[in-house]
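What follows is the residue order along each chain.
There are 2 protein chains.
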Amino acid sequence: MKISVGVSNRHVHLKQRDLRVLFGEGYELHNAADLTQPGMFKAEEVVTIKTDKAEIKNVRVIGPTRMYTQIEISKTDSYKLGLNPPIRNSGDLMGSEEITIIGPKGEIKTNGCIIATRHIHLTEEQMKYYKLEGKDSVNVLLPGVKGGIISNVYLRPSSNAFFELHIDTDDANAHMIKNGDIVEILED
Amino acid sequence: MKISVGVSNRHVHLKQRDLRVLFGEGYELHNAADLTQPGMFKAEEVVTIKTDKAEIKNVRVIGPTRMYTQIEISKTDSYKLGLNPPIRNSGDLMGSEEITIIGPKGEIKTNGCIIATRHIHLTEEQMKYYKLEGKDSVNVLLPGVKGGIISNVYLRPSSNAFFELHIDTDDANAHMIKNGDIVEILED
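Chains as they are written, first to last, in our numbering: chain A, 1 to 188; chain B, 1 to 188.
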């Protein structure tokens with residue numbers, strides 16, 4: 001089971017209300033580039049994320065807006081910012097860290113800061129085809145001199161999903177994996 | 001086979017001649033803290049490492065001086081610096097990247113910049129005891145939500161070694177592993 005890799009740099013998903021505060025009344029995100037997952041796009045807009053300890057500028061907003069604001073960072077980022085975010089699937093913000101987001105027109109202090117789980121986007125049909133039904137997660141073999149096997153790679157079936165493994169920059173850099181590399185889902 | 005983890009942040013080993021250029025004639029490193037490997041220490045001294053693209057300040061010098069100057073960085077650092085260093089065992093500087101090191105009294109441009117292989121320090125007796133003789137490398141199981149198995153963990157037998165797994169900050173952060181954590185060497 002070969003699968004291509006998408007490496008996720010730190011990024012922000014915004015709810016409509018927060019977009020308004022950060023970028024102004026009636027503002028709409030501008031699509032800078034479509035992402036591989038249908039309907040999702042890298043916005044032209046960037047924000048600054050900030051804690052008492054440090055800030056990181058030019059954090060990309062991913063569109064479209066969502067029902068919740070979510071800030072996805074790496075463990076490396078978390079040390080810099082002095083945060084200890086939980087490892088969470090997207091949308092599961094239980095215990096997430098609080099952080100300040102600064103836009104050109106305003107700022108918000110919000111919870112929603114997490115380190116995303118490693119995950120695979122796929123369709124229900126692909127779950128069947130690859131005999132993954134009933135599984136929550138799989139192990140994935142990453143090749144190379146700094147390769148290995150990553151565990152707890154969550155399956156995220158949805159209609160229209162593009163079949164792809166998403167890992168963060170820490171996982172990518174630790175294993176010397178780049179965007180678009182091909183890796184292997186392991187059978188039990 | 002349980003083993004404790006030492007996480008190596010970016011650091012520099014200096015040969016005597018380079019120490020002299022960076023810190024002045026007759027300069028000697030000051031021991032800020034002993035490292036777990038006998039005879040080695042974290043020096044009080046720090047340097048700046050620099051490329052055309054960026055610089056990183058406060059890079060720790062590890063003492064004592066060696067026969068060669070070696071700069072060990074992470075893949076994350078390499079992106080910041082615009083370098084593409086090879087993955088190498090300590091002392092194997094074939095194909096290493098060139099970088100500028102800046103000290104309080106001078107600067108040098110030198111090769112020797114690598115990303116260190118994952119490795120285990122152990123004695124010849126431990127090689128025998130753990131039935132690792134004849135092996136170059138092993139796989140190590142890292143526990144946790146972002147755990148997995150890291151491959152190509154090189155065995156580095158030497159007299160007086162302290163039994164410890166050394167990984168870089170990318171490997172540590174990707175797997176949420178901290179200094180002093182206990183992990184497991186896998187048998188074949």
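Simulated from the structure, these hints should not be mistaken for laboratory data. Careful: at least some of the hints might be erroneous.
[As the list claims (entries may be wrong)] Calculated cross-link-like contacts (lysine-lysine; reagent style DSS-like; alpha-carbon spacing at most 27 angstroms):
1) Lys15/B to Lys2/B
2) Lys42/B to Lys178/A
3) Lys53/B to Lys42/A
4) Lys80/B to Lys15/B
In this text the structure is predicted, and so the values were computed from the model without any measurement.
Okay, the hints, checked on the actual structure:
Simply put, lysine 15/B and lysine 2/B have alpha-carbon atoms about 34 angstroms apart, too far for the 27 angstroms limit, and the pair is violated. For the hint linking lysine 42/B to lysine 178/A, the alpha-carbon distance of about 33 angstroms lies beyond 27 angstroms, and the restraint is violated. Restraint check for lysine 53/B and lysine 42/A: satisfied, since their Cα atoms lie roughly 25 angstroms apart, inside the 27 angstroms limit. Proximity of lysine 80/B to lysine 15/B is assessed by CA-CA distance (about 26 angstroms); at most 27 angstroms being required, the pair is judged to hold.
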